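**Q** Numbering (the working numbering), first residue to last: 29 to 575.
What the hints contain is simulated information worked out from the structure, not anything from laboratory work. Hints are supplied without guarantee of correctness; some may be wrong.
As the list claims (entries may be wrong) - Here are the computed lysine to any residue pairs in the SDA-like style, where the Cα-Cα straight-line distance is at most 20 Å:
1. 97 to 144
2. 523 to 460
3. 230 to 241
4. 88 to 288
Please read these numbers as outputs of a predicted model, since none were measured by experiment.
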Amino acid sequence: MKLTAGLIVLVCGIQALAAELPIKGYVSPDELHRQILQLSKQHPGILSVTTLAQTSAGHKLAAVSLGAKVGQAPAILIVAGLEGDDLTSAQLCLRFIESCCREYAHSENITTLLNHTTFYIFPVLNPDAAAQAFRFPIYNRTENEHSLDLDVDGSVNEDGYEDLNGDGFITQMRVPSPLGQWLPDPKNPQLLRPALPDQGEKGEYLLFSEGVDNDRDGKWNEDPSGGVDLSRNFSYRYPYFANGSGHYPMSEIETHALAEFCFAHGDIAAVFTFSSNGNLCRALTTGNNHADSKDKPLTAPMADDIVYINKVGEQYRTLFKYSSMTKEMMTAGSCVDWAYYHYGRWAFSAPAWSPGATDDSLTNTDPLLFERRLYSYLEKTDQLNKFVPWQEIRHPDFPDASVEAGGFIPYVGKNPPADSLNSITDRYSQFWQELASMLPIIEINSRVERLYRGVYRITAIISNGGKLPTCSRIGERLNWLQKIKIEAALTESQKMESGNLYYLLEAIPPGQSVEKSWIIRTSAPGPLLIKASAPSVGSAANVVQLD
Numbered sequence: 029m030k031l032t033a034g035l036i037v038l039v040c041g042i043q044a045l046a047a048e049l050p051i052k053g054y055v056s057p058d059e060l061h062r063q064i065l066q067l068s069k070q071h072p073g074i075l076s077v078t079t080l081a082q083t084s085a086g087h088k089l090a091a092v093s094l095g096a097k098v099g100q101a102p103a104i105l106i107v108a109g110l111e112g113d114d115l116t117s118a119q120l121c122l123r124f125i126e127s128c129c130r131e132y133a134h135s136e137n138i139t140t141l142l143n144h145t146t147f148y149i150f151p152v153l154n155p156d157a158a159a160q161a162f163r164f165p166i167y168n169r170t171e172n173e174h175s176l177d178l179d180v181d182g183s184v185n186e187d188g189y190e191d192l193n194g195d196g197f198i199t200q201m202r203v204p205s206p207l208g209q210w211l212p213d214p215k216n217p218q219l220l221r222p223a224l225p226d227q228g229e230k231g232e233y234l235l236f237s238e239g240v241d242n243d244r245d246g247k248w249n250e251d252p253s254g255g256v257d258l259s260r261n262f263s264y265r266y267p268y269f270a271n272g273s274g275h276y277p278m279s280e281i282e283t284h285a286l287a288e289f290c291f292a293h294g295d296i297a298a299v300f301t302f303s304s305n306g307n308l309c310r311a312l313t314t315g316n317n318h319a320d321s322k323d324k325p326l327t328a329p330m331a332d333d334i335v336y337i338n339k340v341g342e343q344y345r346t347l348f349k350y351s352s353m354t355k356e357m358m359t360a361g362s363c364v365d366w367a368y369y370h371y372g373r374w375a376f377s378a379p380a381w382s383p384g385a386t387d388d389s390l391t392n393t394d395p396l397l398f399e400r401r402l403y404s405y406l407e408k409t410d411q412l413n414k415f416v417p418w419q420e421i422r423h424p425d426f427p428d429a430s431v432e433a434g435g436f437i438p439y440v441g442k443n444p445p446a447d448s449l450n451s452i453t454d455r456y457s458q459f460w461q462e463l464a465s466m467l468p469i470i471e472i473n474s475r476v477e478r479l480y481r482g483v484y485r486i487t488a489i490i491s492n493g494g495k496l497p498t499c500s501r502i503g504e505r506l507n508w509l510q511k512i513k514i515e516a517a518l519t520e521s522q523k524m525e526s527g528n529l530y531y532l533l534e535a536i537p538p539g540q541s542v543e544k545s546w547i548i549r550t551s552a553p554g555p556l557l558i559k560a561s562a563p564s565v566g567s568a569a570n571v572v573q574l575d
C-alpha cells in the first residue's frame, strides 16, 4: 500500500506523543519570559523588563535591564537565543539573572558588579524558532515565523518536514542511489561522510532531512515553516539573496528592535553574543583589513583592537578551556560583526556550549569533525539514546528503495543536559564579571596653581583605570560613540580667562592619562567642580578649592 504524506503525518503524530523532549529541564521562551517578569516584581531595584515588540508568531521580545544604576553606569549587552537551535544561552541568562537577584546585597562581588555595571540582556532574540523545541515534531529550527518563499516557487511553507519513523524527531534519511554523494564512515559506520571522487571513491547514498517531497519538485523539505535566520540578517557583510537571510538587512522585527535598542542606549560599552562561531575561542591574527582605505569596507578587526579582543579571549579560554578546533570565522550578516563594524563597540562572541574534544586524533581538516566529537561525547556520557540508529522506513517518494532514517536527534549538538546548566552559568557569570572589570574607568585628579591674586590655573588629569581603551579604534573610525566630555562648572563668582567651556577627549588607552587646563579668575573664595563623563564609560568628578 502506498502511504500518502498526510497519512504519514497523522500516524507519526500519534506515535510522537509518547516521545520525550530532547531538552528535558529547559523552559520554553514564554515560560522564561514569565519567570523573568516575576523576578522583576520581586527585585524592582535592580531588575526591569521591557517588551519591545511581538514576533510574527506572537511571542514577546523582551529586553532585560539588570543593575543598580541603569543609565548611569557603563553597560554590557548580552544577546542570547539568536540562533534558533541554541536553547542553552537563554537558560544561562535566566540563571544568571536569578543568581544576581538572589545575591545582590548579600555577595560583595555581585553587589559591586551591579553597582558599577549595567547588564542589558536579550534572553531569547528568536523565540519563534526556540519554541519549536517544545512541540512535535521536533527539529533543529533556526528561522523565525516570518513566512518567506524560501525555494522561490511562488508558494510559502509548502514543503516542510515529516516524522517518517514516528519517534517525534526530524533527523535524516539516507537513500541508496548510484548518484549518491555520501559514504558510511569507516571509523564509525553510523556516520556518513562525503565521498572523495578524486581519490576514486563513489558515493552510496543520497542524504536528506526527514520528510517527503510535498510539492513534487524533486527537492525535500526546502520550504518549511518560516522564515529568516536572524544570525544572517544583520547589515555587515549581509548575504543578499541567500536562503534564509531575509528580504534586506535588519528586515526582521527582532533584529530591527535590537538595533533600535542599541542606538537608543549610548551607555553600552561592550556587546557579547552567543554564537556557534566565536572570536573568543582562539587568538585572532592581524590581516589586510583595508584600515587605511576610505573606499573599502573593513574585512578584519583593526590591529589595535585585536590586542584587546585577544586579552578578553585569554580570560575566556582560561575559564572554558576551548581547544584549537573551535571555529573562529564569522557568519555573513552576523550580530557580533554588526556590533563591532557598524555599532562600533567592543564585540565578543562564543558558543553557549559545545561538546568537548574528546579525541586527540581529530584535526581541523576532518570533514566529520563536529559529528565525531558529538558522537564521542554522547558515547562517553551515556547519552547514545540521543543518536537514532539507522532503521528502514517506508517512503512514498522511494517505494522501491530501502530508505533509512536516523542520526542525531534535534538540539543535541548545542544543548547539554539540564543538570549541567548551573556549572556553565557559573563560568559565564565569572567571565562577565571579568569583562566588567576590564571596562574603562574614568578617574580624575586636579592640580591648582595660584598665578596671582584671584587668578588660578587648574589642570585636570583624566586617567583610564580600566584594562580596555575608553573607545575602540573602530569606534573612533565610525565617530559614533560619544567622546568623554570634561568641563569646569563655574559658579557666579568665577570667570574663565583661558580655556574652553568643555573639551572632548580622544580615546585614552589603559593606564594612560590626558591633561586639560583652564585659567580661572574668582572674585570670592569657593569650590570649583570639574567633571568628566561619557555614557559608555561612566563619570567622575573632582572638587578643588579656590581660596
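**Q** Against which earlier hints does the structure fall short, listed by number upward?
**A** The structure breaks hints 2 and 3; every other hint is satisfied.
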